[in-house]
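Chemist: Here is how the chains run, residue by residue.
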Amino acid sequence: MYSEKVMEHFTTPRNVGEIKDADGIGEVGNAKCGDIMKIYLKIENDIIKDVKFKTFGCGAAIATSSIATELIKGKTVEEALKLTNKAVVEALDGLPPQKIHCSVLAEEAVKAAIEDYKKKHNK
Amino acid sequence: MNKRIYLDHSATTYTKPEVLEEMLPVFNEYFGNPSSIYSYGREAKRLVDKARDRVAKALNALPEEIFFTAGGSEADNWALRGVAYANKERGNHIITSKIEHHAILHTCQQLEKEGFKVTYLPVDKYGMVSLEDLKNSITDETILISIMYANNEIGTIQPIDEIGKIAKESKIYFHTDAVQAVGNIKIDVKEQNIDLLSLSAHKFYGPKGVGALYIKKGTRITNLITGGGQERGRRAGTENVPGIVGLGKAIELATENIDSYNEKLLKLRTKLINGIMERIPYTLVNGHPEKRLPGNANFCFKYIEGESLLLNLDMKGIAASSGSACTSGSLDPSHVLLAIGLPHEIAHGSLRLTLGEENTEEDIDYVLEVLPEIVQRLRDMSPLYEKVKGGNQ
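So the protein sequences, as listed, match chains A and B.
Going by the numbering used here, the first residue of the first sequence is number 195, and it counts up by one from there.
Going by the numbering used here, the first residue of the second sequence is number 39, and it counts up by one from there.
It should be emphasised that the hints constitute simulated quantities derived from the structure, not laboratory data.
Think of the CB as a built atom: it goes at the ideal place given N, C-alpha and C, for glycine as much as any other residue.
Check before you lean on any hint, since a few could be wrong.
Below, a list of computed lysine-lysine pairs in the DSS-like style, where the Cα atoms sit at most 27 Å apart [claimed, not checked]: (1) A:K267 with B:K340; (2) A:K214 with B:K136; (3) B:K163 with A:K314; (4) B:K305 with A:K226; (5) A:K312 with B:K136; (6) A:K226 with A:K269.
Here chain B is said to cover these stretches of chain A; the calculated rule only asks that three of the stretch's residues, wherever they fall, bring their Cβ under 8 Å from a Cβ of chain B [to be verified]: (7) 227-235; (8) 238-250; (9) 272-285.
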């Protein structure tokens, strides 16, 4: 039911972990629904230097978190803000219909982390 | 993939070679329609009758009380609708439980739309219905009690003997969905005062797509499938003769070997549950400690989600199932796990391992070797786990 790309990101997720002195942290979803994504950003000169994630959730939730971190790493904050769930789905060669919400969660997690960064840095 | 271990026998079992052997000639040699009067038909009819005798013997029923169906779901639908429609002059109330299979729950919901009243009995933390609750819910309008024999997810075995007594004393029909129980538990429909019982062949090493409904003689019930006069006018449709033959052989084998089978599964399950509880912290065992199906083990691993657990197990060659929302195709985790009082976030992390005939001690060793690593890997990735790491929970 999952594409090879999803399975690849699920089995070897990129950027798993935490950033201790993160400039922005975003956490979305809730345990009740079975998905929580937490994204940590390290930002220098408006560029995302490092990104890590932690996810509680299904295979798709882990894969969308992983690909989202890849898609924004090295990008400017403004570029990262343009990440859409559609781009996440495309980068994974598609998701089953009932898993699309995982891609939405990934988009929201990135945006929440950037908002947190902006708030902390008065941007 | 090298090693493959099947630990999902409550989902389905393979068809045993002895069963398949009896079925095969029915496809091409004894292919007649049992309703035909010539020799081809008579041969097929004899095979169906033989299977009926075998099922009756396994349940201590009469052959004329066994009706073949296309599986457990049809048997459940028939029992509920058939008794409800045939007895609506006497009352419109049905009692069931919150942890029934969807074949029962969804049918009850339909019957509610048609004007019947349904009481869904709660269960305790082990998944057991209370006999007091049952007695208290009986009204003058109650026509049917339908309580599953053993639960498909957590394996809890209900007090069927006592429920049968209560139903008999109250003159209410008693149906039990015994799809998970047949082949695992000795059943005597007469002794246990069971009026209707559903079973399905593929849960005890028979073929898929065939089951049966036991209907005690004299039970008022309407037909579900209408058409020709098969099954003595109670269930239309040309008989699935190969399937029925397979069902007959499978139930005979299952009941013959029930003691040694139970002993074997119980030993493996004890090793599995103890091994997992020793190796993996923050783990719950779901279901009743003793009154449970011998092959059933059901766990919740806190802070992780079931589907990602299943995918990881699959990559290691282990086939299992979960009651997480992601595997059920809905937003909520299993209704059974919620009914025993688990919060959503813990129910999402459930794992069901159901043992069977071909499993060995080595299989259990292998699970105990790979499962802790998988759980730990997922926990290391989980934002819920980082909050408890190091602390006590």
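Chemist: Would you mind marking each hint as holding or not holding in the structure?
Modeler: Verification of the hints:
| no. | hint | result |
| --- | --- | --- |
| 1 | A:K267 with B:K340 | violated (31 Å) |
| 2 | A:K214 with B:K136 | violated (46 Å) |
| 3 | B:K163 with A:K314 | violated (46 Å) |
| 4 | B:K305 with A:K226 | violated (35 Å) |
| 5 | A:K312 with B:K136 | violated (49 Å) |
| 6 | A:K226 with A:K269 | violated (33 Å) |
| 7 | 227-235 | holds (count 6) |
| 8 | 238-250 | holds (count 3) |
| 9 | 272-285 | violated (count 0) |
The structure fails hints 1, 2, 3, 4, 5, 6 and 9 (numbered hints given earlier, in ascending order).
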